[in-house]
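Asker: Use the sequences and the hints to build the structure in full.
Residue numbers (this note's numbering), protein chains in the order written: chain A, 1 to 144; chain B, 1 to 488; chain C, 1 to 327; chain D, 1 to 574.
Mixed in with the good hints, there may be bad ones.
Chain D stretches covered by chain C per the calculated footprint, using a threshold of three residues with CB under 8 Å from any CB of chain C [as the list claims (entries may be wrong)]:
| # | stretch |
| --- | --- |
| 1 | 501-513 |
| 2 | 516-523 |
| 3 | 547-559 |
Distance ranges between label pairs, derived from CB positions [said to hold, decoys possible]:
| # | chain 1 | residue 1 | chain 2 | residue 2 | range |
| --- | --- | --- | --- | --- | --- |
| 4 | D | Ala488 | C | Pro193 | 50 to 58 Å |
| 5 | B | Arg401 | C | Leu138 | 42 to 50 Å |
| 6 | C | Leu134 | B | Gly294 | 29 to 37 Å |
If you're looking for bench data, these hints aren't it; they were derived computationally from the structure. Backbone N, C-alpha and C define an ideal beta-carbon position, used for all residues, glycine too.
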Amino acid sequence: MTFQPKIVGFLCNWCSYTGADLAGTSRIHYAPNVRIIRVMCSARIDPTFVLKALHDGADGVLICGCHPGDCHYSEGNYKMMRRYPLLKSLLADYGIEQERVRLEWVSASEGQRFADIVNDMTERVRALGPSPVKAALEADLAER
Amino acid sequence: MTTQISIDPITRLEGHGKIDIFLDDDGAVEDTFFQIPELRGFERFVVGRPIEELPRIVTRICGVCPASHHMASAKAVDGCFGGEVAPLAHKLRDMYYQAHFIHSHIAHFYALAAPDFVLGPDADPATRNVLGVVHKVGLEIGGAVIGSRSKAQEIQRIIGGRNTQDIWCLPGGVAKGLKPEELEQIRPWIDELYDFTQFSLQLFRDVVLGNAGYVDLIVNGPYTLDVHNMGVVDENNAPNFYDGTVRVVDYEGAEICRYKAEEYADFVAEHVESWTYLKFPYLKKRGWNGFVEGIDTSLYCATPLARLNVADRMATPKAQEAFEEMFTTLGGHPSRALLANHWARLVEMVQNAETLKRYCDDPEITGTEVRVVPQQVTGEGVGIVEAMRGTLTHHYTCDERAICTSANLIVGTTNNNAPIQMVTKKVASTLIKPGKEPDQGILNMIEMAFRAFDPCYSCATHSLPGQMPLQVDVFKGGGLYREFRRCC
Amino acid sequence: MADDKLQIAIYWGAACGGCDVSILDTDEFILCIDAAADILLWPIATDGKYKDIEALADGGLDVAIMSGAVRNSENERMAHLLRQKSKVFVAYGSCAYMGGIPSLANLVPREEIIARAYLNNASLEPGNTTVPRLRTSLNGYDLELPEFYARVYKLDQVVDVDYYVPGCPPQPGQAQAAITALVQALTGQAEAPPKGSVVGASERALCDDCKRTKAEEKKVKRFYRPWQIMQDPEACLMEQGILCAGSATRSGCGVRCPDSGIPCRGCYGPAPGVVDQGAKLLSAVASIIDSKDADEIDEILLTLPDFTSFANRYSVAASPLQRSHRR
Amino acid sequence: MDDLKIGVFVCNCGTNIAKIIDCDAVIDSVERLPYVAVARTYKYMCSDPGQDMIQADIEEYGLDRVVVAACSPRMHEPTFRKALQKAGLNPYFLEMANIREQCSWVHDDPVAATEKAAALTAAAVMRVAHHEALERRSVDMCPNTLVMGGGIAGMSAALDLADAGNRVYLAERSDHLGGNVARTDLTAPYLDSARDMLTERITRVVEHPNIDVLLESQVRKVDGFVGNFQTTIRGKADDGAPTDTVYDVGSVVVCTGYKEFDASRITHYGYGKLPNVVTSFEFEKMLRAGRVTTKEGKAPQYVAIIHCVGSRNLEFHAYCSRVCCMTALKYAHEVKSAVPGAYVSDIYIDMHAFGKGMEDFYRRSSEIKTLFLMYEKNDYPVIRKADATDDCDMLIEVNEILSGETIEMPADLVVLMVGMEAREDSEEVAHLVNISRDKDGWFIESHPKLDPVATTTDGVYIAGACQAPKDIPDSVAQARAAAARILARTARGKIEIDAVFSEVDEDKCSGCRMCNELCPYVAIEFDAEKRRSHVISALCKACGACVAACPSGAITARHFTDKQIFAELEGVLA
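Answerer: In structure tokens:
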């Protein structure tokens, strides 16, 4: 049976979550692997959320916010944009493949785009296999 | 049928070590092995770090002599940036380092070594410690010891911001200078410290030299080795702890070689044995000849005594007097009496205190030009200082962004790894004989051999130390025959 | 040993000894400890009887203070023993609390550590191929070396910990306060802090105690490494583009580093309630980057290399992430 | 928390959810979770019986938390919050799991979909356990209003507010009231005089005891929050020197209007080169002066009117400026009366004649011998000087669609119907009152259909052509709607503030000031005395930026706390 990755999606309320709803009202089908958690703005996404998600067993984390310039809170998405490269370098040093954590801009009208992103990411993470964090934590238990 | 004794670990040393003593059926020592069972990996995990962070990372190699690692590291990092350092920074670093030497030597002499002499090798282990010494010599002296140590630490803190896990050195200099008011604050303490070094010498005369048994033990005991000496000296061949040339002198006083920091790899190499994580440095040009004594050996000591052995003189007058007194008593310079290391520490302390006094009177010392901003990354540096426990070498390379690409460390105690192996066997063979069962006193005598080197296995293994109980199991016919246990 | 005296053990696992020195550095206070307690075990300074510890009934120790992390089975064995024998088990210092600097090794495969030490450095015996082995047979003697765990663990990943004293090393004054508080609690003179508390430290971040002025405007177009700039000694280091972990670090150290012109690296660990110190420092750094352009942000971050070793300088073992070295 | 009782209600949404998701299986999986006291499915949870069921269970089981697994919370969260409230529960004790838009409608594999729905519902259960009771708070509402812009919209809003007895500060950049309407002659479709209409308004405004007219004034600063703004307005002192005055207002109406398109940007028309090519506003000027002549002072024999100048094309503005078509017809009438016997040709793309009376007006206009020529979007007519032999000043070449032929029209006077565009200062104004603009620079309303007057900044309203091209009636309607919105609040004297906002725990704040700059609503204040930051809750919009950024975890986002999100996370990954 093919590996079914668990992906957590943190979506901003105004653009991306609405975009995901639009995918629904438009009946656009996509992979069932992403579990969405709604936040008011991508700026609310504490890097801790991503680390915690990976620690708790996520194979990937998808972060979505409004397109630059379109933030409901005028500049929240830029705040996430600034955290992202630091977050990626941190994850890389812990041996987590770049493609497991992804930041995408999805507007309220981009239901199709949201579906495409979910499908693409699901395939990429499936190809990578289970998260190395899981493996490491299991190895610890085995060691002691 | 071999009998195995394990002494595990050696107490009152920073870090972790384990001795195995193998007896034959008659109970004579067949062989001994001194094992360092841990490895840490600083040399690997500093790779990838910004090079200027290393001086504040490698201090965690050892919390007892962090300043030594900080200084050696800072000098190696200076090298990676082309080596330009504000002249005043060199003075301040030296000043700071003298203070560190003093409190470290005080700690070792009074907390680690003194119990053996003040209380005697066969005193009850439960009381044979710094607190025991304090009870014996009296609380006010105990207070003086603790007070002097903390004053030396406070001097270090005022100059460099911290007295442990140092942070002060930056490429090209130091982070802060010494303000005039700070100088006036520490000046009287430095005078007190000088007095305390004189007091300590007197205490040594009274307690140790006044006891014929101890003198005999020092001069004629089994605590000697025919290996060479290493230490850093200045242009007058006087000891210098912060900077200078490494000089190697054989045990008869003839110079074997001298080298600058960046040449270290041509003169020193490290031999690996599979039964210990700690490597065995030796004189590279002579090659590894095994654990052998004698004039042709490639082995050497790097200890306080070794430093005075390679020195022709001390750098300061009172220290010179103490130097002459010591070698006269020991029957000449150089000396092989390992227990004299404790005495050598006191002599060094005098030079430390006198050097501090000099800096107090240096009109430039409170200047503000304490750092230059490096203009280039040259990519490689070697820093050598004298750590309390021997010559300390840090060698780094970095890329053009000043990110560390490699690190190699040869630590004070490591230099003495082979000599410690050999003296262990020597002492054990002398003290454990057919019909003479090992007992607590003997075990402590073996440890005294170690404590002469004041080995620090935190440093030496760059490893995560962890004390285990000192435990002696004597087996005969494969079964447990006698058992001694002592914690740490 | 009088019965009314507290029975104390001070022990180190995988540590540098700095924590023990910090206890010695309480100076005269150490004599007070001696007066109020029997120190049954303290490797760095006293001879005690390990046998006595083993012989104690469970809970026979009033306090066990353990510094250092857990790197090998021996560290773990001692941690379990002291936990079992003690009423109160204290994780003392950053290594015990978070893994400390040695846990930077968790970012590297162990094989590479061995190779670097024994097969690949500038001063090895020419042609050496020997590396330490767990078991060596030498002229009929069997010599064994302990095996190390693949990574460094903080104490509470191995045993149940009652209290934490942060710091690398803990500032002696704080250590004294913490030990005093525990002694008073144990002797019924004061109420014991809730289990799991961090004692001997502030409840706020370092900036609270840092004297440097903090402006509203905190925007930088580039970062400076400490050697690249002559800093303004009065102003917040972050405002000058010098990475300082103070805002993400619990106070209690006495602000020794920033006061000396050196940025904080976070040895006192995260502020209360924070899951990962590194993630919080990450947010702080991101907050001051002055750009809305992804490419320019990458440019700016080129001036801040190796962020991870700043994010978790003392806390790799405590990170929610753990690196797998299986290949 | 040990005695929590959570009720879980899974909606079938007819077959919308149930046809893919096995709702009973979802129930089975969540029933086992801690604190779950009751779990049910129902055909339509949002229906009255559905809500009654929830309220009944709250009573019967003494539920103190409710999870509804149904459609998107963006759809029915308010509905179910009300249901909780009716049953005496704090509305924030509700959490919804989105198993329709984000599950049953997007997945076709029932097994996977059901599994996901169960996970989302479990996450909601774990999250809701950490929910806290939140209370909306109310603050005093200052009855005064600042109206920015003295055009027809601004004056209309001002008068309604003032008539209701509230103080209005009417700030106008120029030295007179009236805005763009003051530049027009008659108005379509009834051809009544804009001037008469305006004079009546202006007189009332100027004489109104509750209106302070501030001419040649600029709004410099708007601080504070809904009900309590402090606005700094720079005006001229008697001696002419600029002076700043601070006015306290509870609301702001932005009526800054539009500017006309610069016709010289379209080279085909030769505007600025050919003297007898004029813009609609220049033509209005002639009409108001009562003499329609060419530059040379002759009465034009041929008058051509070109539509959609700058509007409805890809090059400039894609949108329709809405008023030009009918204004063009109005010109046909006015030309006929001003120059009897003149030929009028009307060159258009589409004739937009929506709105009351307009289609009639179009019919009447075609009866007065106007030649209508239709051209293709982006296929501009080309105007050139006529030859000496021609009996006209200019010739217009049009690719006429209906005839399919290229027609050359004579013209002595060409009127360009210039479109509307956002004023160059619109960005500045948007920043001033913290509202957003669309890609064309028009201010964005909070909902394009249901809330076209309010903005994303509470207490700031928009009216007239600053929001989008509008004619007079629409502008006035929007202006008076804004006034009505404000009056509804001032009547209550208090305004409610959302219960969801961020808070600084001052016992944890170290005063590092990392958060100060981050807030787009300047809701974070730093107390220099205490060396602590705190959030002005009424200003906070709960985006949570400061919460994630606070390096010492001292800031909490109500209803989006770390605890709640971590619980949800554990739920989806369980």
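Asker: Next, verify each hint and record whether it holds.
Answerer: Okay, the hints, checked on the actual structure:
1. Judged by the Cβ-Cβ criterion of 8 Å, the stretch 501-513 of chain D is covered by chain C as claimed, because 7 of its residues qualify and three suffice.
2. Check result for the stretch 516-523 of chain D against chain C: holds, 3 residues qualifying (beta carbon to beta carbon below 8 Å, three or more required).
3. A count of 7 residues in the stretch 547-559 of chain D with a Cβ less than 8 Å from any Cβ of chain C is obtained; the coverage claim is therefore met, three being the minimum.
4. Taking 50 to 58 Å as the suggested C-beta distance range, the pair D/Ala488 and C/Pro193 conforms, at roughly 54 Å.
5. A C-beta distance of roughly 46 Å is found between B/Arg401 and C/Leu138, which places it inside the suggested range of 42 to 50 Å.
6. Between C/Leu134 and B/Gly294 the beta carbons are some 34 Å apart, a value that agrees with the proposed interval 29 to 37 Å.
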